[in-house]
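This note's numbering numbers the first residue of the sequence shown as 118 and each following residue consecutively.
Hints should not be assumed to be uniformly reliable.
Said to hold, decoys possible - Taking lysine-lysine pairs in the BS3-like style, the calculated list, with each CA pair at most 27 Å apart, reads: (1) 267 - 356; (2) 238 - 283; (3) 458 - 620; (4) 240 - 230; (5) 210 - 183; (6) 248 - 238; (7) 426 - 509; (8) 241 - 183; (9) 576 - 597; (10) 269 - 241.
Because the hints were derived from the structure by calculation, they are not lab data.
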Amino acid sequence: MITRWHKFRTFLILLTLTAGLIYLLQRLYQIQLVEGETLRAKAKRQHQIDFRLSPRRGTIYDRNKKELAINIAVDSIYANPAKIRPVEGTVRKLSALLDISPVVIEKKLKSDKAFVWLARKVKKGLGAKVKQLSSAGLNYVEEVKRFYPKGKLAAHILGFSGMDGKGLEGLELYYDRYLRGAPGWDQSEKDARGREILSFRNEYSAPINGLNLVLTIDEVIQNIAEQELEKAFQKSKAKGATIVIMEPGTGKILALANRPTFDPNSFQDYLPSQHRNRAVTDGFEPGSTFKIITAAAALEEGLFQLEDKIFCEEGFYRLAGRTIRDVHPEGWLTFKEVVEKSSNIGAVKIGMALGKEKLYRYIISFGFGARTGVDLPGEGKGLVRPPRSWSKLSLGSIPYGQEITVTAIQLVSAVSAVANGGVLMQPRIVDSIINKEGEVVKKFVPRPLRRVISPDTAKKLTDILVGVVDEGTGKAARLKEYRVAGKTGTAQVAGVGGYLPGKFIASFVGYLPADNPQIAILVVVDEPQGTYYGGTVAAPVFRRVAEQVMAYLKMTDNRN
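Please model the complete structure; the sequences and the hints are all you need to start from.
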């Protein structure tokens with residue numbers, strides 16, 4: 118009986134040991150092969166810390182190496198949630214220090230990861246205060262943050278970059294691949310108490326900093342342009358406003374500004390519409406400024422001389438069932454006077470003499486209906502329909518800037534071509550890309566696109582445009598010291614069912630000194646309240662900007 122019991126007990130022990138061994142082998146198989154990758158990943162998350170080392174984004178300078186976009190040192194705060202005790206008290210203190218909702222912080226501290234960001238790119242010094250709350254579970258690293266020392270100045274040119282350092286708008290976006298550099302990595306492991314194990318330090322790869330941009334923009338000229346544009350924007354209670362200043366002979370943009378604007382240091386506090394660079398994105402009907410193109414085409418084709426007479430129908434002209442009117446009724450005017458007095462009827466008769474095919478050819482040649490290639494994102498084409506889509510009324514509209522839309526950058530480039538003796542230049546914002554030693558990595562040279570009119574036609578047209586300022590609708594742009602060539606524009610705002618009553622776009626575009634143009638300036642004021650003519654709203658802005666810019670450039674008197 119005893120022997121039988123011993124045998125049975127031995128059997129039970131062996132059975133138990135065998136079952137235990139089978140269970141252990143099964144668990145070993147489960148852990149090593151089935152759950153191995155998952156568990157190893159979990160262990161890695163708990164003990165390995167991977168830091169992405171952000172490169173320093175390249176600096177953006179004006180043409181005189183004044184800083185427009187730089188980097189500043191900031192703190193980024195992170196946590197190892199498993200090491201933070203007590204959680205409730207720490208959450209309350211972190212919320213007060215970081216000005217973040219306790220709910221948000223508590224959610225992050227419930228993570229099973231060994232690393233979570235609590236706050237990125239906060240004020241320098243805040244990281245040290247946070248670390249004092251928990252020696253093991255809280256820490257910080259120093260990062261860099263994009264900073265625009267001039268605030269709103271040149272906001273639509275510079276744009277901005279996001280939290281990860283990636284360019285989102287403006288030059289920050291367009292030249293992001295040059296500015297951003299390449300990130301580095303710092304990888305280490307921590308023990309059960311959250312302390313770094315130096316012997317297990319794995320990878321370190323230093324970041325490569327970005328390259329720097331030197332712009333064609335002049336900070337002083339940009340500041341002049343922005344101040345005067347802001348005054349006009351506020352005074353006229355306009356919906357929007359734009360100014361562009363360009364060197365006619367090179368295509369270099371010296372200033373570009375829009376209203377409304379924003380501060381790129383806090384871009385998230387503004388509406389997306391305020392980020393929009395309307396100088397390159399938005400199309401508008403140019404109105405009478407477009408008579409420059411119509412006149413240029415007619416002179417180049419030899420259809421008119423400056424003193425040829427055109428009958429302007431005493432201010433009322435019927436064409437294809439539509440009445441074309443002039444603000445100031447005129448009878449016979451010379452070709453030159455048609456432009457000086459801004460006669461719509463005279464412009465239509467010039468356009469009819471050209472015909473739609475020739476007029477269209479010059480419109481396209483001057484760069485309308487296509488992107489200029491300016492180095493800014495989001496450039497629009499404007500709207501130019503081919504002649505086959507023109508109606509019987511088109512030659513009664515397009516010659517004086519209706520039934521067509523242009524961008525500000527297109528218009529100032531086209532008029533700069535007249536100032537440049539008939540050669541259209543590609544507009545540019547960036548002059549060069551340099552490294553940290555100041556060596557030029559890439560240089561952008563002035564790029565002539567094509568000749569649009571002859572030097573002789575350009576000279577005749579300049580004489581006409583000087584007359585506009587001295588004797589015609591542009592007298593408010595006249596300067597005592599310099600001969601100014603320019604043209605006013607007053608355009609109706611088009612809506613879905615036609616032109617909107619009481620809504621206009623006032624503009625003035627011109628260049629100086631007329632005999633040796635150094636700058637071309639376009640001013641556009643969108644939907645000014647009260648007076649709305651280009652000669653009374655935009656021309657005075659041109660004059661004030663031109664006076665200050667010419668004084669700054671130390672240009673000599675050329676009128677006397």
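How the hints compare with the structure:
1. Taking the CA atoms of residue 267 and residue 356, the gap is about 24 Å. The hint holds against a cut of 27 Å.
2. Restraint check: the Cα-Cα separation between residue 238 and residue 283 comes to about 14 Å, which is no more than 27 Å; the hinted pair holds.
3. Under the criterion of a C-alpha separation no larger than 27 Å, the hint pairing residue 458 with residue 620 is consistent with the structure, at around 22 Å.
4. Restraint check: the Cα-Cα separation between residue 240 and residue 230 comes to about 25 Å, which is no more than 27 Å; the hinted pair holds.
5. Simply put, residue 210 and residue 183 have alpha-carbon atoms about 41 Å apart, too far for the 27 Å limit, and the pair is violated.
6. A hinted pair counts as satisfied when its Cα atoms are at most 27 Å apart, and residue 248 with residue 238 qualifies at roughly 15 Å.
7. For the proposed pair residue 426 and residue 509, the alpha carbon gap of about 25 Å is at most 27 Å, so the pair holds.
8. For the hint linking residue 241 to residue 183, the alpha-carbon distance of about 25 Å falls within 27 Å, and the restraint holds.
9. Distance hint between residue 576 and residue 597 is fulfilled; the C-alpha atoms sit about 21 Å from each other, no more than 27 Å.
10. The hinted pair formed by residue 269 and residue 241 meets the criterion: a straight-line CA distance of about 23 Å does not exceed 27 Å.
The structure fails hint 5 only (numbered hints given earlier).
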